Amino acid sequence: MTETTKPYDSTLGAALLLLPTLVVLVVFLYYPALLTFRLSLFQTLLLGTERAFVGLENYVGLLGSGAYHGSFLISVAFAATVVLGTLVVSLFVAYLLFQVEVGESTYLVAAIWPYALPTAVAGTVLLFLLHPTLGIITHYVEALTGVELDWFTSGPLAFLVVALSAVWKQLGYNIVFLVAALNNVPTTLTESAKLDGVGHLRLLRRVYLPLISPTLVFLVVVNTIYAFFGAFPLVDLMTSGGPSGATNLLIFKLYRDAFEFSSLGSAAAQSVVLFVVVALLMWVQLRVSDRYMHYGA
Amino acid sequence: MSQITLDGLTKQFGDVEAVRGIDLTVESGEFLVFVGPSGCGKSTTLRTIAGLEDATEGRILIGDEDVTGLDPAERSVAMVFQNYALYPHMTAAENMTFGVRSSFESDAAMQERVQEAAETLDIPELLDRKPSELSGGERQRVAIGRALVREPAVFLLDEPLSNLDAKLRVQMRAELLELHRELETTTVYVTHDQTEAMTLGDRVAVLDDGRLQQVATPQELYDYPDNRFVAEFLGNPAMNVLSVDVVEGETTYAAEHAEFRVPLPDHHDADLSRVAGSVAQFGVRPEDISVRATESGRQTSDGTAADESATAPQTVGEATASQTVGEATASQTVGEATASVTVTEPLGESLLLHCDVGEDSLRVKTQPRTAVSPGDTVVLGFDRDRLHLFDPDDGTTAYHSSPKGEAAPTRTVAEMQD
Numbered sequence: 689m690t691e692t693t694k695p696y697d698s699t700l701g702a703a704l705l706l707l708p709t710l711v712v713l714v715v716f717l718y719y720p721a722l723l724t725f726r727l728s729l730f731q732t733l734l735l736g737t738e739r740a741f742v743g744l745e746n747y748v749g750l751l752g753s754g755a756y757h758g759s760f761l762i763s764v765a766f767a768a769t770v771v772l773g774t775l776v777v778s779l780f781v782a783y784l785l786f787q788v789e790v791g792e793s794t795y796l797v798a799a800i801w802p803y804a805l806p807t808a809v810a811g812t813v814l815l816f817l818l819h820p821t822l823g824i825i826t827h828y829v830e831a832l833t834g835v836e837l838d839w840f841t842s843g844p845l846a847f848l849v850v851a852l853s854a855v856w857k858q859l860g861y862n863i864v865f866l867v868a869a870l871n872n873v874p875t876t877l878t879e880s881a882k883l884d885g886v887g888h889l890r891l892l893r894r895v896y897l898p899l900i901s902p903t904l905v906f907l908v909v910v911n912t913i914y915a916f917f918g919a920f921p922l923v924d925l926m927t928s929g930g931p932s933g934a935t936n937l938l939i940f941k942l943y944r945d946a947f948e949f950s951s952l953g954s955a956a957a958q959s960v961v962l963f964v965v966v967a968l969l970m971w972v973q974l975r976v977s978d979r980y981m982h983y984g985a
Numbered sequence: 008m009s010q011i012t013l014d015g016l017t018k019q020f021g022d023v024e025a026v027r028g029i030d031l032t033v034e035s036g037e038f039l040v041f042v043g044p045s046g047c048g049k050s051t052t053l054r055t056i057a058g059l060e061d062a063t064e065g066r067i068l069i070g071d072e073d074v075t076g077l078d079p080a081e082r083s084v085a086m087v088f089q090n091y092a093l094y095p096h097m098t099a100a101e102n103m104t105f106g107v108r109s110s111f112e113s114d115a116a117m118q119e120r121v122q123e124a125a126e127t128l129d130i131p132e133l134l135d136r137k138p139s140e141l142s143g144g145e146r147q148r149v150a151i152g153r154a155l156v157r158e159p160a161v162f163l164l165d166e167p168l169s170n171l172d173a174k175l176r177v178q179m180r181a182e183l184l185e186l187h188r189e190l191e192t193t194t195v196y197v198t199h200d201q202t203e204a205m206t207l208g209d210r211v212a213v214l215d216d217g218r219l220q221q222v223a224t225p226q227e228l229y230d231y232p233d234n235r236f237v238a239e240f241l242g243n244p245a246m247n248v249l250s251v252d253v254v255e256g257e258t259t260y261a262a263e264h265a266e267f268r269v270p271l272p273d274h275h276d277a278d279l280s281r282v283a284g285s286v287a288q289f290g291v292r293p294e295d296i297s298v299r300a301t302e303s304g305r306q307t308s309d310g311t312a313a314d315e316s317a318t319a320p321q322t323v324g325e326a327t328a329s330q331t332v333g334e335a336t337a338s339q340t341v342g343e344a345t346a347s348v349t350v351t352e353p354l355g356e357s358l359l360l361h362c363d364v365g366e367d368s369l370r371v372k373t374q375p376r377t378a379v380s381p382g383d384t385v386v387l388g389f390d391r392d393r394l395h396l397f398d399p400d401d402g403t404t405a406y407h408s409s410p411k412g413e414a415a416p417t418r419t420v421a422e423m424q425d
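Chains as they are written, first to last, in our numbering: chain A, 689 to 985; chain W, 8 to 425.
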């Protein structure tokens with residue numbers, strides 16, 4: 689048994705130091721979460737000034753709601769697209785950054801900076817860059833390909849644009865972690881493979897990916913949370929859930945139900961469902977990856 | 008099998024010149040060891056041969072082919088790294104086959120080769136284990152096995168034993184030698200450990216500051232160092248080096264120190280006129296100095312290893328029948344220096360004395376269980392065949408007291424039993 693050092697002699701001292709954090713957590717996280725759950729059992733009127741206990745009726749309502757089912761499917765599709773897209777693109781960029789020998793830091797900064805933008809600012813900027821009639825990117829893409837990119841009216845296009853924006857926004861974060869993970873792979877492994885003449889792709893697939901798998905799993909989890917909760921500003925600023933619900937993610941739908949349609953009870957039920965779904969998803973991801981993941985040597 | 012030729016090999020990292028013009032030929036089938044202190048450029052040289060670093064200047068030939076600009080994979084070299092460089096998520100067998108899959112006609116042929124290599128290294132039962140389930144020595148065996156499977160023209164080993172514990176290192180050293188004798192593949196081995204260098208190398212190349220200091224067989228390096236660096240680097244404890252004046256005597260030259268005067272034997276290879284009349288660095292190895300007590304009667308001398316009578320601290324007769332050539336025995340001891348013993352270090356198989364001789368300090372290796380204690384005054388003598396003089400300015404050797412090949416003539420086993 690190794691002896692653990694106790695930084696504080698008195699339990700009281702330790703508790704006192706933890707207190708501010710605990711207070712913040714309780715006041716702004718656990719208590720509101722409890723209230724949300726309680727609220728999901730009520731039907732509300734006039735911003736919650738009048739409420740009536742309805743039991744699980746809000747949940748039952750969600751089960752039968754076509755709009756909710758649509759939003760649910762779109763959210764799952766959106767999360768899958770964003771998680772996969774972010775990982776593939778950032779892995780590609782990180783691998784290039786890992787291999788480049790000149791101007792490394794310049795490239796790294798260039799790859800990371802989108803992450804430094806607040807999502808709301810990014811959403812506004814992207815809206816103008818990609819605007820169907822005013823956007824400079826749209827203009828050139830249309831000029832080069834001849835395809836009309838009217839994503840204000842086309843549902844699938846709108847979904848794609850928001851997903852791409854979300855991926856773009858999340859790249860920097862992923863790249864930082866992936867470059868760090870790749871740099872942790874012992875150089876002699878790379879050199880050994882070089883001596884054997886192992887190609888770049890095979891090296892990536894057979895050596896690097898297994899060795900950085902803990903980081904990959906971590907990123908899958910973080911990206912999943914981001915896709916379900918973090919894309920709200922993009923949807924709000926770029927599409928407002930439209931056209932005809934094509935980008936109406938759960939997080940956006942529950943916000944509108946609560947604050948535009950004043951169904952606080954139903955929105956609270958949606959929050960609880962979203963929370964449970966994401967929690968379950970993460971549990972599955974961690975369980976599955978445990979089986980395939982390789983931790984250290 | 009192929010020879011390796013380095014032709015003016017130079018490697019710079021920015022402003023730092025790690026390797027400064029090395030010319031060297033490693034003969035086909037030879038086991039050559041690069042040895043030197045850290046930062047001397049030995050690993051860089053090896054990595055440049057492997058192609059992991061590009062040569063800044065100069066050429067590298069493997070066999071007759073100029074490989075200077077080739078990719079590592081095109082050079083037919085296999086390398087073993089200090090940290091083994093095994094893929095942690097693959098089994099030993101997968102580690103051995105991962106890089107070579109494409110070079111085998113069939114999977115069966117490859118598996119057969121792996122099995123063969125595993126049997127050579129005595130690890131067939133470990134093939135299904137992952138590196139984390141192997142000990143350090145087993146991992147290094149797998150790494151060597153991976154090199155064997157490739158059947159390269161050249162083996163490059165970069166401090167392969169440095170991560171192993173001392174006992175295992177000695178064992179692996181012997182196994183590497185055996186393996187090399189079996190395969191006779193040209194091998195270049197890098198180490199900072201002089202014992203490894205001496206025991207493994209057919210020839211040893213001593214490097215310092217990016218320059219080749221000397222390449223020779225281990226014994227020749229030890230007996231005839233080309234310069235002061237090589238003299239002091241090899242041998243433990245290191246050679247004693249003191250400043251002396253070289254004076255011309257009546258018949259021969261002599262090295263004159265404040266406390267002693269050593270006549271320097273003349274021979275056909277010697278040219279003492281170069282340093283005569285000036286200051287030089289006088290070098291003598293600790294084991295080439297004999298010790299005598301000053302009081303009459305109780306005297307000890309550095310006798311021979313075969314002398315069983317040395318089990319107790321007692322007088323060792325001069326010029327016993329068991330004298331051996333090359334060790335300082337009374338008959339060939341020259342010079343006489345009175346010294347006071349400051350420290351004694353019993354090393355088990357020998358006793359190391361630190362002695363003050365005037366301003367200087369000498370390390371003397373004598374027989375174990377010699378009755379000497381700190382504070383004693385002793386008389387030191389020097390083996391006339393094993394003296395060296397170095398130029399005080401550039402450190403090059405000015406003189407060896409015996410012509411090459413004669414200081415330590417090879418003895419046969421029969422002679423040893425005499």
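These aren't lab readings, by the way, just hints derived from the structure by calculation. Treat the hints with care, as some may be off.
Claimed, not checked - Some, not all, of what chain W presents toward chain A, calculated at C-beta under 7 Å:
#: 1; residue: G21
#: 2; residue: G76
#: 3; residue: M86
#: 4; residue: F88
What the hints assert, rightly or not - Partner residues aside, some chain W positions facing chain A, computed with beta carbon under 7 Å:
#: 5; residue: G15
#: 6; residue: L59
#: 7; residue: N90
#: 8; residue: A92
#: 9; residue: H96
#: 10; residue: Y229
#: 11; residue: P381
Claimed, not checked - Per the computed footprint, the stretches of chain A lying under chain W, defined by three or more beta-carbons under 8 Å from a beta-carbon of chain W, are:
#: 12; stretch: 873-880
#: 13; stretch: 924-937
None of the values given here were measured: they were computed from a predicted structure. Using N, Cα and C, we set each Cβ at its ideal position, and we do this for glycine too.
Now for the hints, and whether the structure bears them out:
| no. | hint | verdict |
| --- | --- | --- |
| 1 | G21 | violated, 13 Å |
| 2 | G76 | violated, 15 Å |
| 3 | M86 | holds, 5 Å |
| 4 | F88 | holds, 5 Å |
| 5 | G15 | violated, 24 Å |
| 6 | L59 | holds, 5 Å |
| 7 | N90 | holds, 6 Å |
| 8 | A92 | holds, 4 Å |
| 9 | H96 | holds, 4 Å |
| 10 | Y229 | violated, 33 Å |
| 11 | P381 | violated, 43 Å |
| 12 | 873-880 | holds (count 5) |
| 13 | 924-937 | violated (count 0) |
Violated hints for the displayed structure, listed by number in ascending order: 1, 2, 5, 10, 11, 13.
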